[in-house]
Amino acid sequence: MSENSSQTERLLRAAAKGDKEQWGALLARHRERLRRMVALRMDHRLQGRIDASDVIQEAYLEASSRLADYCQQPAMPFFLWLRFLTSQKLLELHRHHLGAQARDAGREVSLYRGSLPATNSAALAAQLLGHLTQPSQAAIRAEMKIRLQEALNRMETLDREVLALRHFEHLNNAETAQTLGIQESAASKRYIRALKRLKAILTSMPGGREEFSV
Amino acid sequence: MSIESSSRDPVEKLAEEFAARYRRGERPSLTEYTEQYPELAEQIRDLFPALVIMEQFGSVAGSASGPFRPGAADRAPPPEHLGDYRILREVGRGGMGIVYEAVQESLGRHVALKILPFHQLMNPIHLERFRREARAAAQLHHTNIVPVFGIGEAEGVHYYVRTDS
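Residue numbers (this note's numbering), protein chains in the order written: chain S, 259 to 472; chain G, 2 to 166.
Hints listed in this document are in silico derivations from the structure and should not be mistaken for laboratory results.
Just so it is clear, the structure is predicted and the values come from calculations on it, not from any experiment.
Don't be surprised by glycine CBs; every beta carbon is placed ideally from N, CA and C.
Among these hints, one or two may not hold up.
As the list claims (entries may be wrong) - Pair ranges (Cβ atoms, derived):
no.: 1; chain 1: G; residue 1: Arg90; chain 2: S; residue 2: Ser323; range: 56 to 64 Å
no.: 2; chain 1: G; residue 1: Asp47; chain 2: S; residue 2: Leu319; range: 42 to 50 Å
no.: 3; chain 1: G; residue 1: Leu89; chain 2: S; residue 2: Glu350; range: 49 to 57 Å
To be verified - For lysine to any residue, the following SDA-like pairs were computed, each having C-alpha atoms within a straight-line distance of at most 25 Å:
no.: 4; chain 1: S; residue 1: Lys275; chain 2: S; residue 2: Phe337
no.: 5; chain 1: S; residue 1: Lys454; chain 2: G; residue 2: Glu40
no.: 6; chain 1: S; residue 1: Lys278; chain 2: S; residue 2: Leu338
no.: 7; chain 1: S; residue 1: Lys447; chain 2: G; residue 2: Val104
no.: 8; chain 1: S; residue 1: Lys447; chain 2: G; residue 2: Pro29
no.: 9; chain 1: S; residue 1: Lys447; chain 2: G; residue 2: Lys14
no.: 10; chain 1: S; residue 1: Lys347; chain 2: S; residue 2: Asp309
no.: 11; chain 1: S; residue 1: Lys347; chain 2: S; residue 2: Leu325
no.: 12; chain 1: S; residue 1: Lys454; chain 2: G; residue 2: Leu41
no.: 13; chain 1: S; residue 1: Lys447; chain 2: G; residue 2: Leu15
Same shape as in the complex, but just chain S:
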């Protein structure tokens, strides 16, 4: 998977020759994973001010203007190239809107953007509200997200990053390895190690043993 698939190659060649339709089809195929990346990594201070699809749109414009160069010498698989351009756009936006504070952006995983229920309160609130109501389900879901987020934020950066790439951005092992600049075997082992740590942290949290063990 470190090379572009033959179908991608074919679409890329057509796009480089100016076939707008094929180019559109190629970009559309990657939009969902890029959207996940932007949603995960956009600083919360910019949420609501900047739309993820605008970031992706700008990256696509950049990709269009640099397509010929890319096709001549692809330094990385096409999707990872788009992801790289998108992350550059996101970085620019962070710098532009947050200035000096931008360096803090994206350090932690931010899964939950709602108001924060206090830890451990969801079960109690759910009991009070009755399990059947939609809001209490939303609250429990929020609670789980927050716990997961807390657990991830307690992990080493690289472990957290491996898990985020694999499960939030839907990258496979080869893409994860390439993004992190490590060998596929190392990425594979690191992933299993990170998953073990995550499991250990989740089960050590209050109420975790019941909810997280099967």
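Given chain S, work out where chain G should sit, using these hints.
Frame of chain S, contents of chain G only:
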């Protein structure tokens, strides 16, 4: 298969496949994997539930309550009184409200009050949903669900009341 890919952790390879299937909407069982790979069964049982949690709760988009962050307003001390009710303490917080333990002073009974947080008042859809929830809950009769016996608004705060069970 290259030398490099064969040095991948076998459980990781299975996890990649499992996650891909999960995203396609399949819900493969753990036993499907543990039976096929008995030598890896222990690790699969240990790690795949955490994988599922990542997949299930890991999506940032479509989170329950919109673009609000926890702020000073949400952490403001609770009101001391709401109409006939004296607030004792906060007992819970959810995506759509804060639950307080309170005393209904005219009757001297303990109740649970659910309050719609201020910031959600800004959103008429939230307010309507909150009222609908209260009305729907009031119509439910079930041994595991405490009855609602009041819906109200005082000093701009919307709340509904349940027995403190």
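Check the structure against each numbered hint from earlier and tell me which ones fail, lowest number first.
Number 7 only.
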